[in-house]
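All chains, please: the whole structure from these sequences, using the hints.
Protein chains: 2
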Amino acid sequence: MQHVGTFTVKAADGAARAGELYTAHGVVHTPIFMPVGTVGSVKAVAPDDLEAIGAEIILGNTYHLYLRPGDELVARHGGLHGFSSWPKPILTDSGGFQVFSLSSLRTLKEEGVTFRSHLDGSKHLFTPEKVVSIQRNLNSDIMMCLDECPPHDADHAYAARSLGLTSRWAARCREAYPASMVQEKGNLLFGIVQGGMFKDLRSESAAQLIDMNFEGYAIGGLSVGESKEMMFDILAHTAPLLPAEKPRYLMGVGTPLDIVRGISLGIDMFDCVLPTRNARNGTLYTSLGKVNIKRQEYAEDDSPLDPACSCYTCRTFSRAYLRHLYHAQELLAFRLNSIHNLTYFLGVVRGARSAIAEGRFADYLRHFEALYDK
Amino acid sequence: MQHVGTFTVKAADGAARAGELYTAHGVVHTPIFMPVGTVGSVKAVAPDDLEAIGAEIILGNTYHLYLRPGDELVARHGGLHGFSSWPKPILTDSGGFQVFSLSSLRTLKEEGVTFRSHLDGSKHLFTPEKVVSIQRNLNSDIMMCLDECPPHDADHAYAARSLGLTSRWAARCREAYPASMVQEKGNLLFGIVQGGMFKDLRSESAAQLIDMNFEGYAIGGLSVGESKEMMFDILAHTAPLLPAEKPRYLMGVGTPLDIVRGISLGIDMFDCVLPTRNARNGTLYTSLGKVNIKRQEYAEDDSPLDPACSCYTCRTFSRAYLRHLYHAQELLAFRLNSIHNLTYFLGVVRGARSAIAEGRFADYLRHFEALYDK
Numbered sequence: 097m098q099h100v101g102t103f104t105v106k107a108a109d110g111a112a113r114a115g116e117l118y119t120a121h122g123v124v125h126t127p128i129f130m131p132v133g134t135v136g137s138v139k140a141v142a143p144d145d146l147e148a149i150g151a152e153i154i155l156g157n158t159y160h161l162y163l164r165p166g167d168e169l170v171a172r173h174g175g176l177h178g179f180s181s182w183p184k185p186i187l188t189d190s191g192g193f194q195v196f197s198l199s200s201l202r203t204l205k206e207e208g209v210t211f212r213s214h215l216d217g218s219k220h221l222f223t224p225e226k227v228v229s230i231q232r233n234l235n236s237d238i239m240m241c242l243d244e245c246p247p248h249d250a251d252h253a254y255a256a257r258s259l260g261l262t263s264r265w266a267a268r269c270r271e272a273y274p275a276s277m278v279q280e281k282g283n284l285l286f287g288i289v290q291g292g293m294f295k296d297l298r299s300e301s302a303a304q305l306i307d308m309n310f311e312g313y314a315i316g317g318l319s320v321g322e323s324k325e326m327m328f329d330i331l332a333h334t335a336p337l338l339p340a341e342k343p344r345y346l347m348g349v350g351t352p353l354d355i356v357r358g359i360s361l362g363i364d365m366f367d368c369v370l371p372t373r374n375a376r377n378g379t380l381y382t383s384l385g386k387v388n389i390k391r392q393e394y395a396e397d398d399s400p401l402d403p404a405c406s407c408y409t410c411r412t413f414s415r416a417y418l419r420h421l422y423h424a425q426e427l428l429a430f431r432l433n434s435i436h437n438l439t440y441f442l443g444v445v446r447g448a449r450s451a452i453a454e455g456r457f458a459d460y461l462r463h464f465e466a467l468y469d470k
Numbered sequence: 097m098q099h100v101g102t103f104t105v106k107a108a109d110g111a112a113r114a115g116e117l118y119t120a121h122g123v124v125h126t127p128i129f130m131p132v133g134t135v136g137s138v139k140a141v142a143p144d145d146l147e148a149i150g151a152e153i154i155l156g157n158t159y160h161l162y163l164r165p166g167d168e169l170v171a172r173h174g175g176l177h178g179f180s181s182w183p184k185p186i187l188t189d190s191g192g193f194q195v196f197s198l199s200s201l202r203t204l205k206e207e208g209v210t211f212r213s214h215l216d217g218s219k220h221l222f223t224p225e226k227v228v229s230i231q232r233n234l235n236s237d238i239m240m241c242l243d244e245c246p247p248h249d250a251d252h253a254y255a256a257r258s259l260g261l262t263s264r265w266a267a268r269c270r271e272a273y274p275a276s277m278v279q280e281k282g283n284l285l286f287g288i289v290q291g292g293m294f295k296d297l298r299s300e301s302a303a304q305l306i307d308m309n310f311e312g313y314a315i316g317g318l319s320v321g322e323s324k325e326m327m328f329d330i331l332a333h334t335a336p337l338l339p340a341e342k343p344r345y346l347m348g349v350g351t352p353l354d355i356v357r358g359i360s361l362g363i364d365m366f367d368c369v370l371p372t373r374n375a376r377n378g379t380l381y382t383s384l385g386k387v388n389i390k391r392q393e394y395a396e397d398d399s400p401l402d403p404a405c406s407c408y409t410c411r412t413f414s415r416a417y418l419r420h421l422y423h424a425q426e427l428l429a430f431r432l433n434s435i436h437n438l439t440y441f442l443g444v445v446r447g448a449r450s451a452i453a454e455g456r457f458a459d460y461l462r463h464f465e466a467l468y469d470k
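Respectively, the protein sequence lines represent chains Z and V.
So the mapping is simple: the working numbering equals the position in the first sequence, first residue as 1, plus 96.
So the mapping is simple: the working numbering equals the position in the second sequence, first residue as 1, plus 96.
Among the hints, erroneous ones may be present.
Lysine to aspartate or glutamate pairs mimicking DMTMM-like chemistry, simulated, CA-CA at most 25 angstroms apart [stated by the list, open to error]:
#, chain 1, residue 1, chain 2, residue 2
1, Z, K139, V, D251
2, V, K139, Z, D398
3, Z, K205, Z, D307
4, Z, K226, Z, E280
Some chain V residues near chain Z, calculated using beta-carbon distances under 7 angstroms [as the list claims (entries may be wrong)]:
#, residue
5, A140
6, H173
7, S276
8, Q279
9, F413
Derived by calculation from the structure, the hints in this document are not laboratory data.
Since the model is a prediction, treat every value here as computed from it, not as a measurement.
The C-beta atom is built at its ideal place from N, Cα and C for all residues, glycine as well.
As structure tokens, then:
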């Protein structure tokens, strides 16, 4: 058995790489996509669905779980794995992003961020130490440092001040959970590179975090409203700054093409609500492109949603039936569509892994560029 | 292979009996509970869930399926079995009950009933011949005759006029689908006894229907607002009037205790939205009585919902987690709760079957009377 946190690059093709990350709940094969299970449930699907789909690691949201049911309750019920009956790895975010996007009356200070719950208006304080403590209660395999995510149009001065705070908070997270505790406790801690849309600030942020010796590095503050061109420009600058021997995680990204492009730049881990949220809106990803299952053209379509897919939905039901379920707003529609979209996203990263191992990743990327350029 | 429609009583204990009903899609072991799949989906659960639960036959609503996606579309996609990927028996109601409970601007005539769709206000006519044709398109294993279900407080004159119409409509259904067609087409046709809360009218209705030689007989117009005492008084009068060699179906009933009491009076088949609707409201049936999973007392309860249950929900999750999912209004809650409640209802009828075979049905009934008298 490897030490937790061990990350081994098994194959590379250009900047793209295929690796294995050891965690306390098993190995994660990268590149990987992490389904989002905000409150301890990937919306509309159950743990047995996730295993059947081939999910290797899911994401939980610290902000939500802290507010309800509470991290201490989760700790008393076997952590998030025991509470939600998901035996495989879990990554939790730091809660920072949700504090800024969901809660009201935020007050940002050196100490941390004070906010009011979006559920009941109650007042709370997240400090770097507090979010580590919450994530330790959840017993996340991968914990994230508290960060501030500046808006995509933040100016250089704002982004510089913000990354300074993010770095000082990261240092406090590392101090609260030093590298010397990792093997004993089993949780990994990742730092988050910020710096807005400024390459000099991204370089500064990366350098400061690398000095703190995290078990992995995330790139935050992208896919927050900026153009795709800008996002990939910053990503192409930032990814190579991160240690090759540690996993790299691009937070909150993205479409299938975004993910494959991210992999081409050396990213190993991705999460996004896109497959599950779009499933609930009737937008489905297939090997032939996107399908809007609501459309009249599928009313009599007896073919499977995606003839190349072997998920339960595609093995069992026709497009006509899926369209009917969607229009009738049957609860089953949400599950069947989510099972398919998650299967598709996990197939994208598994396909990338094979392509890297076989030295044909450039072709793989071109395929997705063509598919989504229609 | 038996002829479709063959009903064999395998064991009896008092008036209660355990039987087997042969249909074109397999045998149904009675007494049986039929989960309700209104629009071609038992809400929140999939066909593989239903098979795992041990469901033998489900119910579809003719009114809903006629309006959306349309019975002709369903016919083009392999009938309701093919369209919804449910390979086992299906019973469909006649649509009459929904016309009276859901649609607007109903006009009742000898010919049939004119109504406006609750979906788009469009105008439609259900005749006895039309509802047989719709159910033939759905390829239901058990079709129901069009009936009028009078309100529970209908007076004798109203109930008498109504049952006359129901009997004339039943004769037209039988004419549209005579007994001579059953073996060739594979669909069975059941008549529905009406007559309100008047025993003389129930006797009259039963006698008229029996003359028409249906493959089974339903008792309608109960559980529509009358007292339990009244319901069981009418049921105790009506059930013995029906031919012992044909299946007897009590429509829209009921609670677990109602079902066991119905079995004690010689009823073989039941359907009700109670297990699935209550599942979505957080009311769960267990071997220890009802559990309102919303309650604070379950917040830290690590035990399974029902320690005596082996469904996926009880095998996998704690009450604390189920409470959390319910409060967070996660979609998974609806599925997990529905899986459990349906498992419970199917266990009730399966248990009754064993009790009948073993000659201890009176004890079984007493157990349920005690359990739900708390």
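Right, here's what the structure says about each hint:
| no. | hint | in the structure |
| --- | --- | --- |
| 1 | K139/Z - D251/V | violated, 51 angstroms |
| 2 | K139/V - D398/Z | holds, 22 angstroms |
| 3 | K205/Z - D307/Z | holds, 24 angstroms |
| 4 | K226/Z - E280/Z | holds, 20 angstroms |
| 5 | A140 | holds, 4 angstroms |
| 6 | H173 | holds, 6 angstroms |
| 7 | S276 | violated, 33 angstroms |
| 8 | Q279 | violated, 29 angstroms |
| 9 | F413 | holds, 6 angstroms |
In this structure, the hints that do not hold are numbers 1, 7 and 8, in rising order.
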